[in-house]
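Q: Chain by chain, the residues run as shown.
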Amino acid sequence: MILVGQTDLATRTADGDVSACARLMTWAERGDARYAELACGFADRLGSAVRIGVTGPPGAGKSTLVDGLVRAWRGADRSVGVVAVDPSSPFTGGALLGDRVRMADLTLDPGVFIRSMATRGEFGGLARATDDVADVLDLAGYDVVLLETVGVGQSEVDVARSCDVTLVVLHPGAGDTIQAMKAGLLEAADLYVVNKDDLPGGDALVAQLEEALELRGEGGSRATRPPILRASAAGGEGVVELADQLLATVEGSRADGSLQRRRDQNLSRRVRRLVEGRLLQRAWVDQGLAERLDLAMADGVTLSAHALARTLLDDQGDDEASLLP
Amino acid sequence: MTHDEPIRVLVAKPGLDGHDRGAKVVAAALRDAGMEVVYGGLHKTPEAIVAMAVQEDVDAVGLSVLSGAHMTLFPEVRRRLDEAGANDVLLTGGGIIPVADAEALTEGGVGRLFGPGTSLDELVNYIQVEVARRRAVKTSA
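If you read the protein sequences in the order shown, they are chains P and U. Each residue of the first sequence is one higher than the one before, starting from 1 at the first, in the working numbering. Each residue of the second sequence is one higher than the one before, starting from 1 at the first, in the working numbering.
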């Protein structure tokens with residue numbers, strides 16, 4: 001009986017039922033077992049959507065740019081799903097999800113679906129279930145799925161492993177940011193856009209970025225470096241070109257086979273994360289490690305952290321203990 | 001498990017008045033109480049509010065209405081929510097709303113409406129209790 005309802009929700013999503021699509025996302029976000037059950041069934045219907053990651057430091061204009069990109073694709077008659085991620089408070093768990101404000105005029109377009117997500121304790125710039133929510137949009141038939149990260153600093157680069165192409169958005173005045181980003185975010189980009197290019201400092205930013213990319217030393221030649229585009233999303237300048245370039249990049253990677261390799265790697269990473277999550281649950285909850293740690297603490301600990309960890313794992317009869325220093 | 005999930009609320013302002021300070025204060029208070037608040041912004045039509053509520057699969061919609069159009073806007077949003085199958089979504093809000101009007105709206109399926117001077121704790125508590133009740137009904141159904 002329940003199984004019929006489950007099948008129904010995925011089928012309804014694929015048939016274009018917006019409420020079903022939204023509820024399926026909620027199940028995914030809550031880690032509801034019914035979602036995993038359904039996802040096993042619709043995996044072979046995924047893959048037609050192009051997944052585009054949009055990331056960059058806070059204030060770079062990501063949401064405004066996403067709004068512009070969606071309009072550009074709508075103008076080319078492509079349907080678009082957007083997953084917009086904002087941070088949860090590590091203290092209260094609450095979140096203010098404000099990305100829709102910049103995409104207000106898209107709300108009533110039947111070819112657009114926007115979902116806001118809070119990070120809920122994840123620190124990679126996306127939420128744990130963002131990949132699943134993107135899958136649901138893929139299942140629902142959206143041609144392009146856009147993943148907008150929280151405003152990132154250096155190392156929040158999960159998005160690169162969740163999409164087919166990663167766009168890093170920068171803005172003039174962010175020169176120092178580039179210095180700080182060399183190791184993380186900068187490596188994640190397949191494409192850069194200098195947004196707010198109507199402001200002074202655009203040329204300097206492009207120069208700094210080129211210099212940083214040269215130092216990156218990847219391949220060396222200009223041709224293999226990620227392209228740098230310029231735009232002013234608020235004024236609508238350069239956005240259509242950027243939208244075209246993003247899709248062209250994905251088509252190029254499809255043609256040379258690198259898209260499939262990337263998707264395989266992304267899938268492999270997701271499986272690892274799912275397995276790791278299950279293993280943690282198994283150890284801490286099912287096998288009672290969390291409870292035994294609490295008990296040990298209540299008794300008054302005399303052991304070092306390493307010794308206590310070893311004791312917990314030893315009690316478990318776990319070979320892992322021998323790996324501890 | 002379901003009951004521990006963060007409450008998702010859409011906060012928006014329908015109609016023409018442009019005073020969004022109240023909505024922002026409420027949004028911040030709900031966030032600080034651990035809720036995920038989708039901020040919908042100003043000047044939203046009932047149609048747009050319901051489209052957002054459906055896509056975001058929220059537990060509650062909170063509207064700020066200071067324009068005097070509450071007797072039109074709240075029933076309109078309620079009707080469209082019901083039409084969209086979102087019967088279980090709590091519709092609440094506040095603004096300059098006479099007590100008699102608020103009572104009439106509540107009779108018509110709108111949740112409690114809060115006037116000036118309401119404590120934020122009262123508002124937070126109402127949403128927490130009411131959403132928990134609705135989730136319990138949904139689970140047992």
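Keep in mind the hints are simulated off the structure, nothing from the lab. Fair warning: there could be bad hints in the mix.
Said to hold, decoys possible - Facing chain U, from chain P, some residues (calculated, C-beta under 8 Å):
| no. | residue |
| --- | --- |
| 1 | 98 |
| 2 | 100 |
| 3 | 108 |
| 4 | 154 |
| 5 | 155 |
| 6 | 236 |
| 7 | 287 |
Note that beta-carbon positions come from the ideal geometry of N, C-alpha and C, so glycine has one too.
Q: Honestly, which of those hints from before does the structure not fit?
A: Hint check: 4, 5, 6, 7 fail, others pass.
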